[in-house]
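There are 2 protein chains.
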Amino acid sequence: MENTQFRRATAADLPQIVKLLVDDELGRLRETPGPPPDVKYAQAFAAIDSDPNQFLAVVEQSGTLVGCLQLSFIPGLSRAGLWRGQIESVRIASSRRGSGLGRMLIEWAIEECRNHGCGLVQLTTDKARPDALRFYESLGFSASHIGLKLVLN
Amino acid sequence: MENTQFRRATAADLPQIVKLLVDDELGRLRETPGPPPDVKYAQAFAAIDSDPNQFLAVVEQSGTLVGCLQLSFIPGLSRAGLWRGQIESVRIASSRRGSGLGRMLIEWAIEECRNHGCGLVQLTTDKARPDALRFYESLGFSASHIGLKLVLN
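These protein sequence lines map, in sequence, to chains E and G. Residue numbering for the first sequence follows the working numbering, beginning at 1 and increasing consecutively. Residue numbering for the second sequence follows the working numbering, beginning at 1 and increasing consecutively.
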């Protein structure tokens, strides 16, 4: 995969990123891609892009976006002031799944966390994605925690 | 609990917060409280305090810190640009456990997330804390995810 580039997302990438978010078993149920795309995507992009501790990343192959994820660098007191790198909203285009690209993306993200001074990388995966759990465990992650969510109305 | 105050932590609170972090079955194994306390705690406090999307909170009763947690407000594209409120490093002083203070603290934190515009509150709890899981479920959280961690060396 010689033409694979990992880079920070720009505003021009937003329509393709939203397509990636929808191109997913769970994502298609909870995104509002339009057209026109919900204005909240542009607002969220601006909030991410202006925050030095957020890093929205994309994977590009031959001019096409084929993957994305968001890194959050979180300072904290516990574990002796450890910075955490948090991975969220990982997507690989359905046309590229099974090619090893997801593994390359997560390995790249782990290195970004290391370069940022993080001592821990964390993420949660939906219990409805058993393949994802095995994938992350194969990358060295330990499934030590339970992830809880509360939707606010 | 008339004298219970929830407020943003200040640098002067730091020694007591580190004591709370240590006053915990898992925390005592991974904190380095000194004396003197590891300088990394002060560095981490400065990073948290200067980031508008981090909110280190303490609970005070009659001039004593009896609880703490950290809120992180995380902008994101997925779920139509939803902001997430993330709760981390929750502690209640061992002398006050079982008094309902933890419930008050989490309910207060959920309201802070709502006031900040978050549509979701999320946290992870170690599988080694079965009581904590039941506690969060009783507050309405859904244990829909698995939390994975990778320690970087």
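Simulated from the structure, these hints should not be mistaken for lab results. Since the model is a prediction, treat every value here as computed from it, not as a measurement. Incorrect hints may have been included.
[Said to hold, decoys possible] According to the in silico footprint, chain G covers these stretches of chain E (three or more CB under 8 Å from chain G):
#1 26-33
#2 58-65
#3 75-89
#4 95-106
#5 112-124
[As the list claims (entries may be wrong)] Part of the chain E face toward chain G, derived, beta carbon under 10 Å:
#6 Ala12
#7 Arg129
#8 Asn153
[To be verified] Below 30 Å or equal to it, Euclidean Cα-Cα: the simulated DSBU-like pairs (lysine-lysine) are:
#9 E/Lys40 <-> E/Lys149
#10 G/Lys19 <-> G/Lys149
#11 E/Lys19 <-> G/Lys19
#12 G/Lys19 <-> G/Lys127
#13 G/Lys127 <-> E/Lys149
#14 E/Lys127 <-> E/Lys149
#15 G/Lys127 <-> E/Lys40
#16 E/Lys127 <-> G/Lys40
#17 E/Lys127 <-> G/Lys19
Just so it is clear, CB atoms sit at the ideal spot from N, CA and C, and this is done for glycine as well.
Hint by hint, here is what the structure shows:
1. 26-33: holds (count 4)
2. 58-65: violated (count 0)
3. 75-89: holds (count 12)
4. 95-106: Coverage by chain G is violated for the segment 95-106 of chain E (0 residues, Cβ < 8 Å).
5. 112-124: Held - the segment 112-124 of chain E has 9 residues with a Cβ nearer than 8 Å to chain G, which meets the minimum of three.
6. Ala12: Since the shortest Cβ distance to chain G is 14 Å, the answer is violated.
7. Arg129: Since chain G brings a Cβ to about 9 Å from E/Arg129, closer than 10 Å, the hint holds.
8. Asn153: holds, 9 Å
9. E/Lys40 <-> E/Lys149: holds, 21 Å
10. G/Lys19 <-> G/Lys149: holds, 25 Å
11. E/Lys19 <-> G/Lys19: violated, 47 Å
12. G/Lys19 <-> G/Lys127: The hint holds at about 23 Å.
13. G/Lys127 <-> E/Lys149: holds, 16 Å
14. E/Lys127 <-> E/Lys149: holds, 12 Å
15. G/Lys127 <-> E/Lys40: violated, 35 Å
16. E/Lys127 <-> G/Lys40: Cα-Cα ~35 Å, so violated.
17. E/Lys127 <-> G/Lys19: violated, 35 Å
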